[in-house]
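Number of protein chains: 4
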Amino acid sequence: MENKVQPAEGKLGILIPGLGAVATTLIAGVVAVNKGISQPIGSLTQMGNIRLGKRTENRYPKIKDFVPLADFQDIVFGGWDVYSDNVYDAAVHASVLDKSLLDAVRPELEAIVPMTAAFDKAYAKNLSGEHVKTGTRLELAQQVEEDIKNFKEQHGLSRIVVLWCGSTEVYFEESDIHQSVEQFEAALSADDKLISPSMIYAYAALKLGYPFVNGAPNLTVDMPAMVELSKRNQAPIAGKDFKTGQTLMKTILAPGLAARSLGIKGWFSTNILGNRDGLVLDDPDNFRTKEVSKLSVLDDILQPELNPELYGDIYHKVRINYYPPHGDNKESWDNIDIFGWLGYQMQIKINFLCRDSILAAPVALDLALFSDLAKRAGMSGIQEWLSFYLKSPQSAPGLRPEHDIFKQLMKLQNTLRHMMGEDLITHLGLDYYQDLVESL
Amino acid sequence: MENKVQPAEGKLGILIPGLGAVATTLIAGVVAVNKGISQPIGSLTQMGNIRLGKRTENRYPKIKDFVPLADFQDIVFGGWDVYSDNVYDAAVHASVLDKSLLDAVRPELEAIVPMTAAFDKAYAKNLSGEHVKTGTRLELAQQVEEDIKNFKEQHGLSRIVVLWCGSTEVYFEESDIHQSVEQFEAALSADDKLISPSMIYAYAALKLGYPFVNGAPNLTVDMPAMVELSKRNQAPIAGKDFKTGQTLMKTILAPGLAARSLGIKGWFSTNILGNRDGLVLDDPDNFRTKEVSKLSVLDDILQPELNPELYGDIYHKVRINYYPPHGDNKESWDNIDIFGWLGYQMQIKINFLCRDSILAAPVALDLALFSDLAKRAGMSGIQEWLSFYLKSPQSAPGLRPEHDIFKQLMKLQNTLRHMMGEDLITHLGLDYYQDLVESL
Amino acid sequence: MENKVQPAEGKLGILIPGLGAVATTLIAGVVAVNKGISQPIGSLTQMGNIRLGKRTENRYPKIKDFVPLADFQDIVFGGWDVYSDNVYDAAVHASVLDKSLLDAVRPELEAIVPMTAAFDKAYAKNLSGEHVKTGTRLELAQQVEEDIKNFKEQHGLSRIVVLWCGSTEVYFEESDIHQSVEQFEAALSADDKLISPSMIYAYAALKLGYPFVNGAPNLTVDMPAMVELSKRNQAPIAGKDFKTGQTLMKTILAPGLAARSLGIKGWFSTNILGNRDGLVLDDPDNFRTKEVSKLSVLDDILQPELNPELYGDIYHKVRINYYPPHGDNKESWDNIDIFGWLGYQMQIKINFLCRDSILAAPVALDLALFSDLAKRAGMSGIQEWLSFYLKSPQSAPGLRPEHDIFKQLMKLQNTLRHMMGEDLITHLGLDYYQDLVESL
Amino acid sequence: MENKVQPAEGKLGILIPGLGAVATTLIAGVVAVNKGISQPIGSLTQMGNIRLGKRTENRYPKIKDFVPLADFQDIVFGGWDVYSDNVYDAAVHASVLDKSLLDAVRPELEAIVPMTAAFDKAYAKNLSGEHVKTGTRLELAQQVEEDIKNFKEQHGLSRIVVLWCGSTEVYFEESDIHQSVEQFEAALSADDKLISPSMIYAYAALKLGYPFVNGAPNLTVDMPAMVELSKRNQAPIAGKDFKTGQTLMKTILAPGLAARSLGIKGWFSTNILGNRDGLVLDDPDNFRTKEVSKLSVLDDILQPELNPELYGDIYHKVRINYYPPHGDNKESWDNIDIFGWLGYQMQIKINFLCRDSILAAPVALDLALFSDLAKRAGMSGIQEWLSFYLKSPQSAPGLRPEHDIFKQLMKLQNTLRHMMGEDLITHLGLDYYQDLVESL
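Residue numbers (the UniProt record's numbering), protein chains in the order written: chain R, 1 to 440; chain P, 1 to 440; chain B, 1 to 440; chain L, 1 to 440.
Bound-form chain R, shown alone (with noise of 0.2 Å):
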């Protein structure tokens, strides 16, 4: 790589399907902190800072000091909504953020109006909206694509990067037509059904070579013919599904628990929340697609093959509950049974009293940021190192995906250190105590 990494000159767009909670708490943050009234607090770009050289240099950067990212005043949101709403409207109704805090970035965000949205209700049955393209698929692509260079030239940008915000879709697997580029051309040429809306938004951005964030735990790019596609056009993908709340946890505890090879008999989690999120996945076949992306986090980093009398009869069961009295305050419990020396057995209890939008909103961005960092490096297809933000990140065919959280981080961080040209870290340092011998 040789630290070839092009500067970031210019504006990025960051257009948006899906103006809900999430983006508009986004939009509105990144306005705030630019006008600095607040701080992008849960953004590792912004506020994180990476270790370089010996522990003993002292060198501890932040990381958008050490690597060329996107500047905020650089920014400029758009995008897509099945409602017609502007991001301030957006906003109050998402009940995310205090009225004075919005009020306070209201013309940035009454400024910033959804362009009509390819949707179709067979993918998210409890939503509706009238704001909508109308066309076959190959039509609503080809519309999607004249949005996005539209709004490139409209606001005199150099890079875009479309970044999935919208619903769970309903839960469906890869078949013939997501095989190669050609079949899925061919299938959009038909019209076929197999083709979601977020499939629409993800082949307009790769095709135009923009790199594409997903969000929800849809299809979308995790398909060998988008895989493909993000190889040839140098668009960067990484996975989908923001890893927030009770899975961030998981990712966090489940190697903890491992390091220590203790077993795990059962892993009960429960969620609640009130949003429109929430209820979307009121919808069995919705929650269908979140429940798969949910439940595969612990194998991979148990890897109950490698280790039967630890994790070889785990019962993981994972619900999501539809509780308005909670709006955006997602709340989760979570059970384990675990056990150690000689099998004796113990409970954890975790309750988190989050905020699903707050969390969301920071790894929205800093995977926007990342992945406009990566196609700067000349990085194609897979950013594998991007796990670190997703509920379900893709890995090379061959590779199982990676989703302890440490694994992630330092897969992260030593790819940033690479891209730049610095020393590798592997927390060895043995040296610090052969220099010490050698000096007594």
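Hints in this document: simulated from the structure, not taken from any laboratory.
A quick note: this is a predicted structure, and the numbers were derived from the prediction, not measured.
Some hints here could point you the wrong way.
Pairwise CB distance ranges, derived in the manner of DEER restraints [unchecked claim]:
1) G53/L - V292/B: 54 to 64 Å
2) E139/B - L430/L: 38 to 48 Å
3) G53/B - E110/P: 56 to 66 Å
4) K99/L - Q6/R: 41 to 51 Å
Chain R is nowhere near these chain B residues, computed Cβ spacing over 12 Å in every case [claimed, not checked]:
5) P68
6) K133
7) D147
8) H178
9) D337
Glycine included, C-beta positions come from ideal geometry on N, C-alpha and C.
Let chain R serve as the given structure and place chains P, B and L on it in line with the hints.
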């Protein structure tokens, strides 16, 4: 190092000051495993595996099959205690393991009878015992040395590890007499009260060139004099206070929150337990020692000086409450006040219904086995790679201790790989994708 | 009533359809208590006392010393089941009680062998069993009547109570055939599918003039036909579904919140359990029966029509999840969103690590003993004073059932006082102060 | 009593020593309700209703429509404080209510300026204040009396209640000087240090014949001298320490467990809070006063002397931790170790995310309004029927205080019924069924 680790030939003696709940649980467990009636769950050395080479190589041997550790059949236990109960009686009294399990290993446990202890009531006011040595501190140290030599000869052992499983001593800080071997030995001769009982055992072990492991938060070997002795006699040491329960959870969770740049406003940790450890810690002076150990872990992980907006104002409080109804079933409750995007607050509550000795026993075991391995690998002085197991690991002067359990694990695993001549792992893994790119 | 309660002379037979976890825990417990090796904790009839007269009189006899209940030594157990296991084997399989306790009462338990059950798989799809009667519903009812008569004669009993401890049946609502004894008997003759197995047992018991207790949320006796039969034959009934675990907690807590006029916005209740009950309830049709029973309790306690500002908009959701790792150790988690002064919101979380059968067994016992008492006191029809024990108590037409456990307790205690000619208690107690005023 | 309650004519002054979080929340709330912008949730006098007559009569008036209480529009607030902040400034500083709500009632709150306080730093070491009276205790009492008289005249009030909302004073027990009015007055003249500031206010109020309510666990009126004065001057008193949060939950839950004869082995209660109350209680001497109050409630409810097998060996521990991140948002965590049938153990965990002042304000209000009612009903001395609101209610000599909140509620409701000439309620209700029997 060049893979010159000496093999684990002959028998290993594990000599334990303090044959209470942890020690008897450890001993009973090793006997039970040897009899094939139980499994050493929670022990990384026995149950854990380690990845070698690339992910595509699929090499994940058990650690005990990768590095030459003492075999369970070659371990001989002994120890000292202020009570004269044999290990079976002490285990029954500790009420950790089921009567039926203890009865299955009764003869082996009854055969282990404690030697008289070096004890000073000033260091553990809530304890008393009649089964103690008499003499000046120098005489006590000489008696302990004799005990060790006799035990080795009597059981035909080839190697020894001394493993402190005694109580937490009252809090005090290091002073002049702890600065060098010379000063320490002078103080020993002067019967100086600033030499605590645990130091007497540690001094005897290191003087004989045997590794010393400290399961309690006492000063013991955490001072220049002992580090000097440890290096001089090639007798590994590692730090202090078995990392179990609440602090284990804290060093799992805090790195996860920090990884995501989530801010922390407060962390309240309370514990209820009813075993002898709880009784000793009910004395404020002894609790102080434990409190210092437990409070220290967050600062290193969060690095507030680098992240003042996130961690500059954290309020961290730790409480331990003696609560007899729970016995050894220690239970912790944590409330963590975090904040994310734009400063919005969230809460995490963790309720860990754990078992103190069940978590501590495999940690004690692994530290003993790895310390013996380090000795055979020619490693002297502080073994920072064993930080993984300790609430208060020692590190080289000028280095802050590492508390992030995942960096500790990385350090431990890469040390083992390094020891055995395997490639270190960085989790970069870009080559998986470059190969693929080329193959297309 | 004039204190004309007949004494508890002779033996009492308790005949149980469904010799599963609850029934075997009950039977083993009564035998263990009779042998002096355990205590009937959780049973108000055995352990509870009752205040009589003024507080200054200091009269608090045990309930069993105050009203004439059947003595433990005079109880004879029998029952029916779809499996042919004797009570010892069934208890071992249920995994509620320790093996060592069961072995201490093994001969007594092995001697109790179930009679063949009246069963219909349509009412419990997740169950199957070969140990069943054959015939039309009318024939089944006649066979059960014969079973009861034979059992009574065989054991020389003076009285009988029939106690349903079988599974929850699928949900259905009452129809024409449940409106009168005449219609019910016609349906029985017609082998009508709307007569469920539990109704067959209830009909047989009431027809013979014996009390019938219903531990499950099935319709069973909660219909005009059975109320009519119950009155006609002086055979007490009380309602359905043992009140244990989460609902017990709910009817304790909700009255407390209502007492203080604290508002409730939402109440989310989830359960995890892994016993046979959990398996049956994993079928949505059976869960529906339980859900209706569990959801009903809040309305009566909170009276939203009288307190629309406080309880008019409560969102109440109940979930049960089959989770095998917990076995009979049912665990509930509740989140309650309340609001107080000026509408400010607060939250209560309750995590109850309970044991299903341990809580249910003494409830089953008390209902059997008090139903027998009611019969001897000449009370027929619905016994509202036994609401205390039931999730879905029955009440007179036009009266809403009372779910507040403290009003239920008051009703129970004042009924006992009334039965025995003691003053009712109102807790007014002004006279304590008037006397004092005068005496000054 | 014969329903001779005098009507609530004219204005009622509520004079409050301690204009901190609770008092300002109360005052702001009453003003907000009067302006129609909020509701007095949590106040039984304002929101609660009471059943009258038989259930079939369907009579459930609001309590405020049933008994003659002071109208909100007729309440005038005043008070004393060691800080000179007006009520608006104090409320802003207390950070309980939203700024927007406080601004809506700002003029009314700013108009209430505290009088100088009778203060003694020896009773609250963690507090300091300059806005204090000077003089001997006798002089301070005379000044407070003058304050009350002046306030009454200045605002044209017909009645007064004095309501202690100040801090918890250090722990001490009653001595000779607290045994009679005569001894107390002699001590006052002698400026005896055993007279605490709260006693000075209480003495002044009772001497003038005005009810005194004590929101803190201080001795204050809980002594023979004050009871004597209270009776002599027909000035009602009731006990001490507003029952909110954890203790409220405890006196709801414990009666429920006792009702079912479930045993209790241990009850561990911890609290975290960060308001001024938390700061004062961080001093062990002040905490001792609160601890005694909080620990007392279980014994009366459980009556261990009557139920030694169930409650004879309970380990009850209460902790309060100062934790600034939570401010007034007090949070409690309870672990309750219970046992049921045959001694099998279960656990209940309760996590109450409450708001200290939000719970306390309506309790303070109701006690003030009911004390005024009692005065008008001619009731003097201890008002045991107000136990419902207090952690440490007073009761007649020889009677143990009643802590079961449901018996307390019954006592309160039947007292109101008795006052107004309505039938007392016993919940017997057999007649509902006798009528039915006859009608068949």
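* Going back to the hint list, which numbers does this structure go against? -> 1, 9
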